[in-house]
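Visitor: As a plain string of letters, each chain reads:
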Amino acid sequence: MTERNRGLLPGTVDLVILQTLTTGPRHGFEVSRSIRSRSDGELELQDSALYQALHRMEKSGWIEAEWGVSEKGRRAKYYRLTPSGLRQLDREVGFWRRYAAAVSKVLEPMPDEA
Amino acid sequence: MADFKRAFRLDRASRSDVRSAVDDELQHHLESEVEELTDAGWGESEAWAEARRRFGDIDETRTYCARMQTERGRRERRREMMSMDELRQNLKYAFRAIRRAPGYAGLVVLTLAFGIAANTTIFSVMNPYLFRPLPFGEADELVQVNQVDPVLGFDMARFSFPQFVDWRARTRAFDDLAAYNYGSINVTGVEAPEQMTFGRLTENMFDVLDVRPAMGRTFLPGDGAPDAEPVVVLDHGLWERRYQGDPSLIGRPITLDGVQHTVVGVMPPDFNFPYGEVKIWVPLQASATDNRDREAYLLVGRLADGWTIERARGELTGIQAELSRQYPDVDGKMDGVTIKPIREALNFAWDIVNVLFLVLLAAVGFVLLIACANVASLTLARGSGRVREVSVRSAMGAARGRIVRQLVTESTVLALLGGALGIGLAYLLTSLVNPVIPEGLFKIGGVTIDGMVLAFSLAVTLVTPVVFGLLPAMSASKTDLVTGLKEGAKGSNGLGTSRGRQVLVVAQVALAVVLLTGAGLTLRSFASVQALDLGFDPDRVVTVEVNLTAQEYPSGEERRAFLTQTVESVGRLPGVEAVSTVQWLPQNHETVAVQTVPSHMVGTPVDEWPLATFNRVHPDYFDAMSIELVAGRDFTTLDGIDAEPVAVVNRLFADRFWPSGSALGQTVLVGDRADPATLTIVGVVEDIFHADLNPAEVRPQIYRSAAQGAASRFFVVARSQGDPSELAPGIRTALSELAPSMPTVIRPMNDVVAENDIPWRVASVFLMLFGAGAILLATLGIYGLISYSVAQREKEMAVRIAMGASAADIRKRVVGDGLKLTGIGLVVGLAAAVGLGQVASAVLFGVSPNDPVTLVSVLGLFLGVAALASFVPAARASRTSPIEVLRAE
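In order, the protein sequences belong to chains A and B.
Heads up: the first sequence runs through residues 16 to 129, numbered per our numbering.
Heads up: the second sequence runs through residues 310 to 1198, numbered per our numbering.
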């Protein structure tokens, strides 16, 4: 089984989800909305892929879950970052910044070709 | 916070719980999405369709998430199992629980200690005989080789030195073969003369056994030559005791049977060959040209690579057949080869010892099971008092596995305490057992608690909480939360454990019945052995072994003269009623059989001549041993070397060959191959048990006059008028005057006989001890259950009393309950005991496995004990005050 995503590069799903949880516990629906609003709608993660990623990361111990009651009064499963999840996020952010910087450097026009 | 988290971690439960948790979560997402859409103006059903479409593949996600959750749960459980944190906490709880119920804990620890001590003691007794590594290199390659003598029906027949030389030269099955035998030797010198057992070993024996000396050397090639300088290797214990551990002894001479031997080495302390009493080893000095039919040696061999016992036996049987053709008169008499592993061969009571150990091991196993049943029952009873505690803890969210683990931790702590106490108790028991263990049987080291025993005890200890703790723990953790919280406060029967405890009590009684029946049968066997009419009376008889050395008494005349002087001089001692000599002392593991034939049957082939147990005695022997003279006369001093050769036979001998007439005056040929003699029968005496205590081994017996032989080794037997031990100093003085350098070992005849009933003696002592423990535990079990059920049924009792039941009615009822349980246990136990009795009938003596006396005694004993155990709670129940009980409701 594979996760499907739309608009998100492979390898960035975990990064994005972990980042949204840095501000506190959220349930799945909030994570989905938060990703959409923070990227001004540019990034969209398909719900099935989101939930599969959440459960996979819970198994890995990066996040942990707890049942609680949502603002709307429904029973919802809240996820929060664990210390090991925070370390994973640092690693991924670091990698992503280096990768993005490298890519942008490559994209700059080369003097020889000018 | 941690507890809160644990309490609400729901996804750790079953597969269906995992599924529904995932479904709840996804449902929540879809509902939130639908709400958003309807807020934006979508219709209800379009909103649902859209939400599902946006979500993607729901089924795939459900399956995936459920799988992740299951894997996570599995990993977490594993981690929790290992968690030191939890262990520490469980231990803390366990100790707190023990402090809160010290009575319960104390009883459990004591009960387990008893069971574990019994097991540890028996194992530590078995260990040196069966398990402790042999003090030889690669001992599993070592075997002993014997021939089968078809005429004697004896499969442990020995070899002559020339036979050994031939076999050793021809075999390829062995890296090497060595020969040995053993006997008595007199050690003299500056120290007091001492009689000892020595081994005579071919010079290659130490190499075959693969052993090194602790000091000096063992034998060198050439030490075994007939004219070599005599050398000797000493036992470590002997060197320490007799020579004060003086290292300068090496190279110095000691005197053995009047001959100077140079001490060349001392063996390490654990060396033992061929059995514990052998303390001195000298080279076997013999030559291939010696007498071929002097079959005096046992062979030990080291199997070559790739050779099994079976294959080696095939090869040796072939060699025997070849040599039989070459020497039909000597080798031809043997037919067959026996090869046994060395441990089995050196222990000449191997079969008896094995059966005995099996019986004892089964007995202690039963004791342990009873102890566990008792503890399980106690734990169940306590479990019902803890319903509330367990319920509260599961209400707080403790998972079932967690509760089971905690209760098992508690059981394990109790078991370990019991184990520690049990091992301490076993130290005490083994120190009591050790002096009773005979040296004569081959064993490695003493009965001590060593690493192997400790490992065994620890294993036993760790098995007990599984047996006694897991069941109650499982049942406790299944507690229904609501009833537990509601009723637990009242300590009611929330766990439904009454039934379980009844089963345990029945099992306990059944096991104890089997054990006690076994103990009873063994005790009856022992009594039969003791009551056995041996045909002679060992009471008030003392024996002295006399060994005349060839140096001091080279001729038959000198030896006969010594014998006569000894008898006369001992006979003059005050308090001596009768004195005589015998060459082979009865019950002393020395039986010599000869072929004899009455003159009228001389024509029959020699191989078919009947066998008779042979002995040589001095006049008055039958008197001294209280062997009844049936007909004719005893030997007299006139039956000397120059007189007519005469014999006395036993009743069996006389009846067999002259069934209708008198044996007196008849002649028999005694088939000593080299020197057959014709003897005239002058007397008939009563049969005696010579070889052992087995009635089937009472054979025809023939006695010759000691004065018509020239034995260099014999026993003086003296019957005293009073206490036989008072004779010892006088005999010692008399003998030392006659032969100053001869050691005197005085043994009461009762001790000689007692060596033969050791298996029954040991089994009776242990089984009675364990049986007593078993019945005590079973009684406690019955008492505990009845008291408990009386307490449970207080209200019922109160109602009965209010309705007019008398105190006697109540007592009868409660005692009846106790007897009913005991009755079931008795029936099961007696059936099992009778079944097992058939299997163990080999160890019984003069008693049937269905012995009514034993069975009825056990039955009566248990009913009595059960009645007693139920009576105390019954009396309490009958004093119930209905007003108070009912008002308390």
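FYI, nobody ran anything at the bench for these hints, they're computed from the structure.
Don't be surprised by glycine CBs; every beta carbon is placed ideally from N, CA and C.
Hints are supplied without guarantee of correctness; some may be wrong.
[As the list claims (entries may be wrong)] Derived DEER-like restraints, expressed as beta-carbon distance ranges: (1) L58(A) - E395(B): 40 to 50 Å; (2) R328(B) - G39(A): 56 to 66 Å; (3) S119(A) - R328(B): 43 to 53 Å; (4) L767(B) - W111(A): 28 to 38 Å; (5) W111(A) - R397(B): 20 to 30 Å; (6) L58(A) - G352(B): 45 to 55 Å; (7) E395(B) - S119(A): 21 to 31 Å.
[Stated by the list, open to error] Derived, one-sided and incomplete: chain B residues facing chain A with beta-carbon distance under 10 Å: (8) E344; (9) T347; (10) I367; (11) E549; (12) D759; (13) Q1101; (14) E1103; (15) E1105.
Visitor: Does each hint fit the structure? Answer for all of them.
Guide: Hint check:
1. Restraint check, L58(A) to E395(B): a C-beta distance of roughly 42 Å satisfies the suggested window 40 to 50 Å.
2. For the pair R328(B) and G39(A), the beta carbons lie near 29 Å from each other, so the given range of 56 to 66 Å is not met.
3. Taking the beta carbon of each, S119(A) and R328(B) are about 46 Å apart, inside 43 to 53 Å as hinted.
4. With their beta carbons about 56 Å apart, L767(B) and W111(A) fall outside the hinted range of 28 to 38 Å.
5. Our hint of 20 to 30 Å for W111(A) and R397(B) is violated, since their Cβ atoms are close to 42 Å apart.
6. Range check, L58(A) to G352(B): about 29 Å between beta-carbon atoms, so the 45 to 55 Å window is missed.
7. For the pair E395(B) and S119(A), the beta carbons lie near 51 Å from each other, so the given range of 21 to 31 Å is not met.
8. With a cut of 10 Å, the hint placing E344(B) at the interface with chain A holds, because the nearest CB-to-CB distance is about 7 Å.
9. With 10 Å as the threshold, the beta carbon of T347(B) stays out of range of chain A, its nearest partner Cβ sitting at about 13 Å, so the hint is violated.
10. Taken as an interface hint, I367(B) checks out: its beta carbon lies about 7 Å from the nearest beta carbon of chain A, inside 10 Å.
11. The interface hint given for E549(B) is violated, since its Cβ lies 66 Å from the closest Cβ of chain A, which is over the 10 Å cut-off.
12. Because the smallest distance between the Cβ of D759(B) and any Cβ of chain A comes to about 47 Å, over 10 Å, the interface hint for this residue is violated.
13. Against a cut-off of 10 Å between C-beta atoms, the interface hint on Q1101(B) is violated, since the closest Cβ of chain A lies about 41 Å away.
14. Restraint check, E1103(B) versus chain A: the minimum CB separation of about 45 Å is more than 10 Å; hint violated.
15. Interface hint at E1105(B): violated, since its Cβ lies 47 Å from the closest Cβ of chain A, which is beyond the 10 Å cut-off.
Checked against the numbered hints above, the structure breaks hints 2, 4, 5, 6, 7, 9, 11, 12, 13, 14 and 15 and satisfies the rest.
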